[in-house]
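Trainee: Chain by chain, the residues:
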Amino acid sequence: AQTVTQSQPEMSVQEAETVTLSCTYDTSENNYYLFWYKQPPSRQMILVIRQEAYKQQNATENRFSVNFQKAAKSFSLKISESQLGDTAMYFCAFMVTNFGNEKLTFGTGTRLTIIP
Amino acid sequence: NAGVTQTPKFQVLKTGQSMTLQCAQDMNHNSMYWYRQDPGMGLRLIYYSASEGTTDKGEVPNGYNVSRLNKREFSLRLESAAPSQTSVYFCASNRPPNRGGQPQHFGDGTRLSIL
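Protein chains in written order, with the working numbering: chain A, 1 to 116; chain B, 1 to 115.
Please keep in mind that the hints were generated in silico from the structure rather than gathered at the bench. Among the hints, erroneous ones may be present.
[Said to hold, decoys possible] Pairwise CB distance ranges, derived in the manner of DEER restraints:
1. 53/B <-> 83/A: 43 to 53 angstroms
2. 82/B <-> 81/A: 38 to 48 angstroms
3. 2/A <-> 40/B: 11 to 21 angstroms
4. 15/B <-> 57/A: 47 to 57 angstroms
5. 47/A <-> 59/B: 17 to 27 angstroms
6. 5/A <-> 88/B: 36 to 46 angstroms
7. 44/A <-> 82/B: 23 to 33 angstroms
8. 38/B <-> 62/A: 29 to 39 angstroms
9. 115/A <-> 61/B: 25 to 35 angstroms
10. 61/A <-> 5/B: 37 to 47 angstroms
11. 60/A <-> 17/B: 21 to 31 angstroms
12. 115/B <-> 97/A: 38 to 48 angstroms
13. 44/B <-> 14/A: 26 to 36 angstroms
14. 2/B <-> 62/A: 20 to 30 angstroms
[Claimed, not checked] With the Cβ distance kept under 8 angstroms, some of the chain A side facing chain B (calculated, not the full set):
15. 10
16. 35
17. 45
18. 64
19. 97
[Claimed, not checked] Covered stretches of chain B, going by a simulated chain A footprint (3 or more residues, C-beta under 8 angstroms):
20. 43-53
21. 63-75
Being a predicted model, the structure only gives us computed values, none of them experimental. Heads up, the beta-carbon is just placed ideally off N, CA and C, and yes, glycines get one too.
My request is simple: use the sequences and hints to build the entire structure.
Mentor: Shown next, in the form of structure tokens:
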């Protein structure tokens with residue numbers, strides 16, 4: 001079974017600063033995917049970024065980037081030039097590639113507050 | 001461009017009542033999922049359906065049943081609601097044909113309260 005751990009229940013940062021959210025996972029699988037989802041107060045689950053485990057290059061999406069360390073089983077999210085709209089819960093999630101069954105295992109989330 | 005649609009958005013039930021949560025997706029996805037979200041616990045998988053006509057248990061299936069009515073629709077039923085089932089329920093879908101590792105697309109959730 002896979003487990004995902006987010007050890008920072010809450011974080012806060014000043015607007016325009018950079019913040020890094022931590023995520024570690026445990027698995028015996030070799031082929032898998034990792035995701036960060038954002039959940040603002042509206043409750044929607046919004047995909048932030050996706051990383052394929054077989055790719056060594058870290059994924060980036062505009063101000064969002066990851067630091068993927070496969071050997072250490074670590075998958076942190078860096079948000080650069082933070083904005084007030086980044087205030088949300090952030091969930092790290094793990095997916096094993098299994099034809100037809102690609103369920104997600106989620107961490108417990110980090111509540112991020114951007115301070116004006 | 002609706003994506004994943006869940007109904008209803010809110011519901012209050014009394015203990016012992018039954019209810020069906022509806023979910024439909026219009027992205028031609030093969031796989032659909034039901035999760036519940038409780039405070040401090042992230043999302044946990046209740047049931048999933050890898051394709052039309054198949055369903056399987058997830059991490060927390062007790063007290064629930066599901067039906068994959070067709071490729072678009074996947075419903076979740078509470079036969080006899082209990083206060084422990086008070087939660088926010090999310091439906092999700094992924095996997096266009098022949099494409100693995102695709103992110104799941106989520107509906108907006110149903111907030112369910114059992115009194």
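Trainee: Hints first: check each against the structure and report whether it holds.
Mentor: Right, here's what the structure says about each hint:
| no. | hint | result |
| --- | --- | --- |
| 1 | 53/B <-> 83/A: 43 to 53 angstroms | holds (45 angstroms) |
| 2 | 82/B <-> 81/A: 38 to 48 angstroms | holds (46 angstroms) |
| 3 | 2/A <-> 40/B: 11 to 21 angstroms | holds (19 angstroms) |
| 4 | 15/B <-> 57/A: 47 to 57 angstroms | holds (52 angstroms) |
| 5 | 47/A <-> 59/B: 17 to 27 angstroms | holds (21 angstroms) |
| 6 | 5/A <-> 88/B: 36 to 46 angstroms | violated (22 angstroms) |
| 7 | 44/A <-> 82/B: 23 to 33 angstroms | holds (27 angstroms) |
| 8 | 38/B <-> 62/A: 29 to 39 angstroms | holds (32 angstroms) |
| 9 | 115/A <-> 61/B: 25 to 35 angstroms | violated (41 angstroms) |
| 10 | 61/A <-> 5/B: 37 to 47 angstroms | violated (26 angstroms) |
| 11 | 60/A <-> 17/B: 21 to 31 angstroms | violated (48 angstroms) |
| 12 | 115/B <-> 97/A: 38 to 48 angstroms | holds (42 angstroms) |
| 13 | 44/B <-> 14/A: 26 to 36 angstroms | holds (34 angstroms) |
| 14 | 2/B <-> 62/A: 20 to 30 angstroms | holds (25 angstroms) |
| 15 | 10 | violated (11 angstroms) |
| 16 | 35 | holds (6 angstroms) |
| 17 | 45 | holds (4 angstroms) |
| 18 | 64 | violated (14 angstroms) |
| 19 | 97 | holds (5 angstroms) |
| 20 | 43-53 | holds (count 6) |
| 21 | 63-75 | violated (count 0) |
The structure is inconsistent with the numbered hints 6, 9, 10, 11, 15, 18, 21, although it conforms to all the rest.
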